[in-house]
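Same order as they appear, the protein sequences are chains A and B.
Just so we're aligned: the first sequence equals residues 1341 to 1736 in the numbering used here.
Just so we're aligned: the second sequence equals residues 333 to 635 in the numbering used here.
The hints are simulated quantities; they were obtained by calculation from the structure and are not laboratory data.
No experiment lies behind these values; they were computed from the predicted model shown.
We put the beta carbon where it would ideally sit given N, CA and C, even for glycine.
Careful, some of the hints might be misleading.
Said to hold, decoys possible - Here are some, though not all, of the chain B residues that point toward chain A, as calculated from beta-carbon distances under 10 Å:
no. : residue
1   : 336
2   : 374
3   : 394
4   : 399
5   : 406
6   : 418
7   : 448
8   : 558
9   : 559
10  : 560
11  : 561
12  : 564
As the list claims (entries may be wrong) - A few chain A residues facing chain B, derived, Cβ under 10 Å:
no. : residue
13  : 1392
14  : 1404
15  : 1438
16  : 1540
17  : 1560
18  : 1678
19  : 1708
20  : 1728
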Amino acid sequence: MTRQVLLTGNAAAAWGARLSSADYIPAFPITPQTEIIETLSEWINNGEMDSHLTMFESEHSMITAAGSAATAGVRVFTATSSQGLMFGMEMIFALPGWRVPFVLVNVSRGLASPITLECDHNDILAARDSGCIQIHCSTCQEILDSVIIGYKISENKEIRLPVIVNLDGFYLSFTREAVEIPEHHEVSQYLGEYNQMNDHYSSSAPQARGLIVLGGSQYSYFRYQAHLANLKALDVYKEAAEEFAIQFGRNYSVIESYRTDDAEYCFIMIGSFSTKAKSAVDHLRSEGLKIGLIRPRLIRPFPSEELNILLSGIKGAAVIDQNISFGKGGILYTEITSALYGAHGSYPVTGSFIGGLGGRDITIDEFIVIAGEMREYTKKGIQPRTRLLFTGDELE
Amino acid sequence: MSEGLIKNIKDLSVEHNLAPGTSMCAGCGALETVKLFCDILGKNTVFVNAAGCMTLLAIYPFTPFSGSWLYTAMASASAGAQGIRDALDILIKKGRLSASEDLKVIVLTGDGSAYGMGLSATSAAIDRDLDFYYLCYDNEGYGNTGHQDSAATPYGARTATSASGAGFTGRKKDLFSIWAAHKPAYLATIIAAEPLDLAHKVEKAMTIKGPKMFITLAPCPTGWHYEPHQTVSIGKLAVKTGIWPLKEFKDGTVTHTKVLKERVPVEEYLKLQGRFEHLFVPEKNPALINRIQTTVDQYWKDV
């Protein structure tokens, strides 16, 4: 029977790995992710989970082992955060080229320097061009479910790419929410038997992986194949999510939209602060502003067409980035506007707002100010300049 | 000393598990060791490689290995070996792979990775008592990039980044002792020019579970500047001069497997190599040569 319990985001991620019957967990601790590997370790030691956990001396080694074990044909789960993701970044970029399936949970935390333990998205967005698929979560339930869906996509015979499931440090990692835990056998049924495909080493069937190529033609071929697989993951995601909805009753479209049907304005953002944006939407709606929320769950592959459909009636869109690309601005803003440009006749006035860096709150009041500004700019038909950071003074 | 099958040179296989025609340099001392390793360990292997000369052994779509191969990264081949060993164990335990299909996992790295970037991952693999072989081919420099000095470069050698004056002014890192301090199940120095000593050690390692560490001195015609046909004679001289002590570590004890009553002066080894030419030309530099000789003498005094 399905149980509903209070789980932290970290525990939800661990449950996702447990229910997916991950065979192997290479691990390394880092705040705010550590609870995930501690939870899995406890289950393995108690005999509640039939898996093997190896502690590594760095994330670079941990991610190398994750990919290497996947080439040998076991289902792998691993998790990291922030500096750990950066330290392992060489392998994050290498493993999509190995075409191996596994799921990595990243618990977003701002990057040094200055050092912080709290959340923003510069860590995960640094992996944007790696070739890994990225699923971004906003609730603890979504984390558990996304790990399971992640395996379904990753192991698809046309994909075979690592999937990164992202959740916000502290705001989700350490926040308890009511989470439904599906039955193990139902998840096993959903995922099906693990298919090793070409991922095996054995004395009777040797293989060579990760080879060097000579010349740009072969290189381009392999890189393009990985690109095509990543693009294909959009359709595969939709099928996997649909199947998940039928079996478990929870629906995860590639982009979550909230009260956008008749909306003239919208917030566009990823991560847990989008749940606050929903409250702001409700408040602004009660005051008569037709506003909604658009939250891409997939960042790679990027759901450009779906975004354009959702934005077709929108006059003004505020993109709220919880990251900053020094010398340019918000990374999500760049992604959104490039997807819109030239896509259809009239696209909305889009504003770029950067907030929530290093775990700084984005208050409901700030969402209201953002909405007000977007309304003004939209009326004037002016594309506003990036609003870098909210400070107390700016709000007054 | 050998309890294995290889008693004399004629017992070494004449058929090889490593195919010829790779893109290694003529006279490559590292390739010779890899060939012997493949012959003795057999075909049921997976080589896990770190960036170095040997990365060019398997070039898409060809591999000279009879067994499997995975290129990882310069810093983390030992972690890759851990991942594969763990995965094979899991598959066998869960009945998804027959034990008869099991493989020996071998890390293959140069000194650039072994003495430097890969040291942390390797240290941790020994800590975890990983059941694997580790073969470092030590050509005493970053060979694949044109032989810049690495932590394995010996005092006095000229490299691409110490190309003038007295050559490299640092000293060769004692990786054997660093690894021995980790107490691996087995550890040995080897050289392809002494194939019987090498074969005995690899055969012995095959009976041992845990980390089995090897450092092979790899004479390098292009990096050391000598003619390819001299690889074997230079290798033999490295042993006869005492510059490359052949030894092993097991159960907490270091044993030298070749102790010479009389050692050849180091000069005989140095003068064959262009990287040491400045010790002899335009005029002989006895001070520098003596310094190298004294270091070697001191080592053997303590043996």
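Hints and how they fare:
no., hint, result
1, 336, "21 Å, violated"
2, 374, "9 Å, holds"
3, 394, "8 Å, holds"
4, 399, "5 Å, holds"
5, 406, "9 Å, holds"
6, 418, "6 Å, holds"
7, 448, "14 Å, violated"
8, 558, "27 Å, violated"
9, 559, "28 Å, violated"
10, 560, "23 Å, violated"
11, 561, "28 Å, violated"
12, 564, "29 Å, violated"
13, 1392, "6 Å, holds"
14, 1404, "4 Å, holds"
15, 1438, "8 Å, holds"
16, 1540, "8 Å, holds"
17, 1560, "13 Å, violated"
18, 1678, "32 Å, violated"
19, 1708, "48 Å, violated"
20, 1728, "37 Å, violated"
Violated hints, listed in ascending order, are 1, 7, 8, 9, 10, 11, 12, 17, 18, 19, 20; each of the other numbered hints is respected by the structure.
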